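Below, each chain spelled out in residue letters.
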Amino acid sequence: MRRRWPLYLLASLYAFLLSLPLLVLLSASLRAPEDLFTPGLLPPKVSLEGYRAALTDYPLWRYLANSLLVASLATLGVLLTSLLAGYALARIPFRGQRAFFGLAVALLLVPGEVTFLPLYLLVSRLDWLDTYQALILPFAASPLGVFLLRQYIKTIPEDYFDAARIDGAGHLGLIRHVALPLAAPALGALAALTFIGTWNMYLWPLVVTQSKEMQTAQIAINFILNEADAVARWNVVAAASFLVLLPTLLAFLLAQRAFVKGIALGGLKG
Amino acid sequence: MVRASPLSAQARARKRKEEAWALGLVLPAFGLFFLFYVVPLGQAVWLSLHQEGLFGRDLRFSGLENYRQALADPALWKSVKTTLLFAALVVPLELLLGLLAALLVWRPYPGVALFRTLFFLTTAVPTAVAAVAWGWFLHPVGGYLNHLLKGLGLPPQPWLTSPDLALPTLAVITAWAGVGFTAILLTAGLQNIPEEVLEAASVDGAGPWTRFWKVVLPLLSPTLFLVGLLVLLKSLTAFGQIHLLTRGGPIESTTVWIYRVYQDAFFNFRFAYAAAEGLLLFLLLVVLAALQFRLLGGRVHYA
Chain E
1 MRRRWPLYLL ASLYAFLLSL PLLVLLSASL RAPEDLFTPG LLPPKVSLEG YRAALTDYPL
61 WRYLANSLLV ASLATLGVLL TSLLAGYALA RIPFRGQRAF FGLAVALLLV PGEVTFLPLY
121 LLVSRLDWLD TYQALILPFA ASPLGVFLLR QYIKTIPEDY FDAARIDGAG HLGLIRHVAL
181 PLAAPALGAL AALTFIGTWN MYLWPLVVTQ SKEMQTAQIA INFILNEADA VARWNVVAAA
241 SFLVLLPTLL AFLLAQRAFV KGIALGGLKG
Chain Z
1 MVRASPLSAQ ARARKRKEEA WALGLVLPAF GLFFLFYVVP LGQAVWLSLH QEGLFGRDLR
61 FSGLENYRQA LADPALWKSV KTTLLFAALV VPLELLLGLL AALLVWRPYP GVALFRTLFF
121 LTTAVPTAVA AVAWGWFLHP VGGYLNHLLK GLGLPPQPWL TSPDLALPTL AVITAWAGVG
181 FTAILLTAGL QNIPEEVLEA ASVDGAGPWT RFWKVVLPLL SPTLFLVGLL VLLKSLTAFG
241 QIHLLTRGGP IESTTVWIYR VYQDAFFNFR FAYAAAEGLL LFLLLVVLAA LQFRLLGGRV
301 HYA
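Protein chains in written order, with the numbering used here: chain E, 1 to 270; chain Z, 1 to 303.
There may be inaccurate statements among the hints.
Keeping only pairs whose Cα atoms sit at most 25 Å apart, straight-line, the calculated SDA-like set for lysine to any residue is [stated by the list, open to error]:
{"id": "1", "chain 1": "E", "residue 1": "LYS154", "chain 2": "E", "residue 2": "PRO93"}
{"id": "2", "chain 1": "E", "residue 1": "LYS45", "chain 2": "Z", "residue 2": "LYS150"}
{"id": "3", "chain 1": "E", "residue 1": "LYS154", "chain 2": "E", "residue 2": "ILE166"}
{"id": "4", "chain 1": "E", "residue 1": "LYS261", "chain 2": "E", "residue 2": "ALA106"}
{"id": "5", "chain 1": "Z", "residue 1": "LYS150", "chain 2": "E", "residue 2": "ALA90"}
{"id": "6", "chain 1": "E", "residue 1": "LYS212", "chain 2": "E", "residue 2": "GLY188"}
{"id": "7", "chain 1": "Z", "residue 1": "LYS81", "chain 2": "E", "residue 2": "GLY112"}
{"id": "8", "chain 1": "E", "residue 1": "LYS261", "chain 2": "Z", "residue 2": "ASN192"}
{"id": "9", "chain 1": "E", "residue 1": "LYS261", "chain 2": "Z", "residue 2": "LYS17"}
{"id": "10", "chain 1": "E", "residue 1": "LYS261", "chain 2": "Z", "residue 2": "LEU100"}
{"id": "11", "chain 1": "Z", "residue 1": "LYS150", "chain 2": "E", "residue 2": "PRO43"}
{"id": "12", "chain 1": "Z", "residue 1": "LYS17", "chain 2": "E", "residue 2": "PRO33"}
{"id": "13", "chain 1": "Z", "residue 1": "LYS214", "chain 2": "E", "residue 2": "ARG4"}
{"id": "14", "chain 1": "Z", "residue 1": "LYS81", "chain 2": "Z", "residue 2": "LEU280"}
{"id": "15", "chain 1": "E", "residue 1": "LYS261", "chain 2": "Z", "residue 2": "ARG294"}
{"id": "16", "chain 1": "E", "residue 1": "LYS261", "chain 2": "Z", "residue 2": "GLN191"}
{"id": "17", "chain 1": "E", "residue 1": "LYS261", "chain 2": "Z", "residue 2": "LEU280"}
{"id": "18", "chain 1": "E", "residue 1": "LYS261", "chain 2": "E", "residue 2": "GLY188"}
{"id": "19", "chain 1": "E", "residue 1": "LYS261", "chain 2": "Z", "residue 2": "GLY151"}
{"id": "20", "chain 1": "E", "residue 1": "LYS45", "chain 2": "E", "residue 2": "ASP35"}
{"id": "21", "chain 1": "E", "residue 1": "LYS261", "chain 2": "Z", "residue 2": "LYS150"}
{"id": "22", "chain 1": "Z", "residue 1": "LYS15", "chain 2": "E", "residue 2": "ALA90"}
{"id": "23", "chain 1": "E", "residue 1": "LYS45", "chain 2": "E", "residue 2": "GLY170"}
{"id": "24", "chain 1": "Z", "residue 1": "LYS81", "chain 2": "E", "residue 2": "GLY168"}
{"id": "25", "chain 1": "E", "residue 1": "LYS212", "chain 2": "E", "residue 2": "TRP128"}
{"id": "26", "chain 1": "Z", "residue 1": "LYS17", "chain 2": "E", "residue 2": "GLY168"}
{"id": "27", "chain 1": "Z", "residue 1": "LYS81", "chain 2": "Z", "residue 2": "ARG270"}
{"id": "28", "chain 1": "Z", "residue 1": "LYS15", "chain 2": "E", "residue 2": "GLY170"}
{"id": "29", "chain 1": "Z", "residue 1": "LYS15", "chain 2": "E", "residue 2": "ARG95"}
{"id": "30", "chain 1": "E", "residue 1": "LYS261", "chain 2": "Z", "residue 2": "TRP106"}
{"id": "31", "chain 1": "E", "residue 1": "LYS261", "chain 2": "Z", "residue 2": "LYS81"}
{"id": "32", "chain 1": "E", "residue 1": "LYS212", "chain 2": "E", "residue 2": "ARG52"}
{"id": "33", "chain 1": "E", "residue 1": "LYS212", "chain 2": "E", "residue 2": "ARG125"}
{"id": "34", "chain 1": "E", "residue 1": "LYS45", "chain 2": "Z", "residue 2": "GLN191"}
{"id": "35", "chain 1": "Z", "residue 1": "LYS150", "chain 2": "E", "residue 2": "LEU26"}
So, partial list: chain Z residues that the calculated Cβ filter (under 8 Å) puts toward chain E [what the hints assert, rightly or not]:
{"id": "36", "residue": "PHE33"}
{"id": "37", "residue": "PHE137"}
{"id": "38", "residue": "HIS147"}
{"id": "39", "residue": "LEU149"}
{"id": "40", "residue": "PHE266"}
Hints were generated in silico from the structure; no laboratory data involved. As the structure is a prediction and not an experimental result, all values here were calculated from the model. Ideal Cβ positions, reconstructed from N, Cα and C, are used throughout, including at glycine.
Just chain E, same shape as in the assembly:
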């Protein structure tokens, strides 16, 4: 304990500096319009006007629900497709297995942000612009997910599978009763990574959504910012942003371990 105070001091100071932009945003969201430009970190008086306006002047619930739907379904999709493909690639010898795994590894190298234009052209040809399937399906399978699950399931000792086979389990039984529970840590990390990634998507929903009803929370921030900045309603912008931050923040605080693990594993890819 004796020589630890410099560490605490430095860590506290650094943490404070890093969180300063978010603290200032929180402060703005709690200010009354007339206090908005009053200097200082704390609002002179706490006002929930920004939150009220954000939720009543804009269909923010709808945007949040859209984001939640997109992120949850994409995450479920990634978990399911990765588990099935990972199991087959790790446990069933078949012709073309190497080619399939090689393709997944090759696709790991494809940077997602750059494929938005070709993907947009495909989706518009399918007549899917402004639909949920355009927001979800392209992200319902992930090369990283297939890769991670294949690697993980390969490390499960054969004995576990043999035991289940003796009990008469087929492939689906082996997946459900052996691969699924034993790969749970990998699935948890993958779920955290996918959820946060799809919740935070910006460029893709920006180009494929057109109507306000289909927009996700991230895109909503864009036009709330444009509209409200013009009339200096920054307390509304700040409140809306905080409401959009809340779900990922809560998810992070509740499942920090899975997030950290997901990023450390995903760091292999990025």
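Here the structure of chain E is known, so what remains is to put chain Z in place on it, guided by the hints.
Below, chain Z alone, put in the same frame as chain E:
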């Protein structure tokens, strides 16, 4: 045929059934990969080899004409330069900020969990929220930072509205948003340094400063290099913060490569040309990603 003969009909049937199972199980993932990765990429390459009329109609084949035009286009080269400058600012800054955070939390002490949470937190902050937070923090009138500068007797700065300052400011915002990500990976890297090595250095009388420069940093450098490559890949495709805060301006000073592609496609409606520009960026990123993959080498096939 000759090799198949020792197998009994029953064994062959069983093998066929296994293969059918395997294909059925990989189909959902690889069907989606085919539809949403392979087809669009093929389509983009095909499109980039054509000239188009208005709204992508009347395509006619033109070979590498779009690429020739793009590579001779000063606007594209300007955006390439802007992108590289942006990345050159983001990468060292984010590594430095992340390393400082990682050094503060890699070894356990009472209360370390709280600091880890605080340092890793930015991974949970969506780009749009980060952009708004900084937009307000740097606001010309109400911004906290300009208030601080005024308090110190310094003039307020046009952080995002001056062509000279906008790009470095965006680089700081991007590095800030990436601190959590970098800190997590570097913490893991630091924790992989064998305890015995650090102890041996202490026994030899090395203080914390010497230990950091002579032991920790050299052992961490492969991780630092890899994380740096990851940050580079991310910064080359940064889009959200730029779209939200500067729209590529002022006077195109923050129009990075991917922003150029976005503008040519969705504002100038030159899809074929934008496809060529995008594929050139894609090429650069694939080369960098392949380099990263090679370096990971052994680590990819972990036990």
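These are the hints, each one checked on the structure:
For the hint linking LYS154/E to PRO93/E, the alpha-carbon distance of about 12 Å falls within 25 Å, and the restraint holds. Annotation: proposed proximity of LYS45/E to LYS150/Z holds, straight-line Cα distance about 23 Å (limit 25 Å). Using a Cα cut-off of 25 Å, the hinted pair LYS154/E and ILE166/E holds, with the two alpha carbons roughly 20 Å apart. Taking the CA atoms of LYS261/E and ALA106/E, the gap is near 23 Å; set against the 25 Å cutoff, the hint holds.
Distance check on the hinted pair: LYS150/Z and ALA90/E sit about 62 Å apart at the alpha-carbon level, beyond 25 Å; violated. Note on LYS212/E and GLY188/E: the hinted pairing is violated, with a Cα-Cα distance of about 33 Å set against a maximum of 25 Å. This hinted pair checks out: LYS81/Z and GLY112/E have alpha carbons roughly 22 Å apart, not beyond 25 Å. Pair hint LYS261/E plus ASN192/Z holds up; C-alpha atoms about 14 Å apart against a cutoff of 25 Å.
Taking the CA atoms of LYS261/E and LYS17/Z, the gap is about 37 Å. The hint is violated against a cut of 25 Å. With a CA separation close to 20 Å, the supplied pair LYS261/E and LEU100/Z stays within the 25 Å bound. Proximity of LYS150/Z to PRO43/E is assessed by CA-CA distance (about 19 Å); at most 25 Å being required, the pair is judged to hold. At roughly 69 Å between alpha-carbon atoms, LYS17/Z and PRO33/E are farther apart than 25 Å, so this suggested pair is violated.
For the hint pairing LYS214/Z with ARG4/E, the CA-to-CA distance comes to about 23 Å; that is within 25 Å, so the pair holds. For the given pair, LYS81/Z sits about 14 Å from LEU280/Z by alpha-carbon distance, which is consistent with the 25 Å threshold. For the hint pairing LYS261/E with ARG294/Z, the CA-to-CA distance comes to about 22 Å; that is within 25 Å, so the pair holds. A C-alpha spacing of about 14 Å is found between LYS261/E and GLN191/Z, which places the hinted pair at or below 25 Å, so the restraint holds.
Between LYS261/E and LEU280/Z, the direct Cα distance comes to roughly 33 Å. Violation of the 25 Å bound is thereby established for this hinted pair. Distance restraint check for LYS261/E and GLY188/E: the Cα-Cα separation of roughly 9 Å lies within the 25 Å cut-off, and the hinted pair is therefore satisfied. With a C-alpha separation of about 43 Å, the suggested pair LYS261/E and GLY151/Z falls outside the 25 Å cut-off, and the hint is violated. With a CA separation close to 8 Å, the supplied pair LYS45/E and ASP35/E stays within the 25 Å bound.
Distance restraint check for LYS261/E and LYS150/Z: the Cα-Cα separation of roughly 43 Å exceeds the 25 Å cut-off, and the hinted pair is therefore not satisfied. For the suggested pair LYS15/Z and ALA90/E, the alpha carbons sit about 16 Å apart, so the restraint of at most 25 Å is met. For a cut-off of 25 Å, the pair hint linking LYS45/E to GLY170/E is broken: about 65 Å separates their Cα positions. The straight-line distance between the Cα atoms of LYS81/Z and GLY168/E is roughly 63 Å, outside the 25 Å bound, and the hint therefore fails.
Distance check on the hinted pair: LYS212/E and TRP128/E sit about 16 Å apart at the alpha-carbon level, within 25 Å; holds. For a cut-off of 25 Å, the pair hint linking LYS17/Z to GLY168/E stands: about 16 Å separates their Cα positions. Proposed proximity of LYS81/Z and ARG270/Z is supported: the alpha carbons are some 22 Å apart, at most 25 Å. Proposed proximity of LYS15/Z and GLY170/E is supported: the alpha carbons are some 14 Å apart, at most 25 Å.
Taking the CA atoms of LYS15/Z and ARG95/E, the gap is about 10 Å. The hint holds against a cut of 25 Å. Proximity of LYS261/E to TRP106/Z is assessed by CA-CA distance (about 15 Å); at most 25 Å being required, the pair is judged to hold. At roughly 35 Å between alpha-carbon atoms, LYS261/E and LYS81/Z are farther apart than 25 Å, so this suggested pair is violated. Proximity of LYS212/E to ARG52/E is assessed by CA-CA distance (about 20 Å); at most 25 Å being required, the pair is judged to hold.
Annotation: proposed proximity of LYS212/E to ARG125/E holds, straight-line Cα distance about 22 Å (limit 25 Å). Between the alpha carbons of LYS45/E and GLN191/Z the distance comes to roughly 45 Å, so the proposed pair goes past 25 Å and is violated. Distance check on the hinted pair: LYS150/Z and LEU26/E sit about 22 Å apart at the alpha-carbon level, within 25 Å; holds. Given hint, PHE33/Z at the interface with chain E, holds; its Cβ is 6 Å from that chain's nearest Cβ, closer than 8 Å.
A hinted interface residue such as PHE137/Z counts as satisfied when its beta carbon comes closer than 8 Å to some beta carbon of chain E; here the least separation is about 4 Å, so the hint holds. Because the closest C-beta pair between HIS147/Z and chain E is about 5 Å apart, less than 8 Å, the hint holds. Checking LEU149/Z against chain E by beta carbon gives a least distance of about 12 Å; that is not within 8 Å, so the hint is violated. Because the closest C-beta pair between PHE266/Z and chain E is about 6 Å apart, less than 8 Å, the hint holds.
Hints 5, 6, 9, 12, 17, 19, 21, 23, 24, 31, 34 and 39 from the earlier list are contradicted by this structure; the remaining hints agree with it.
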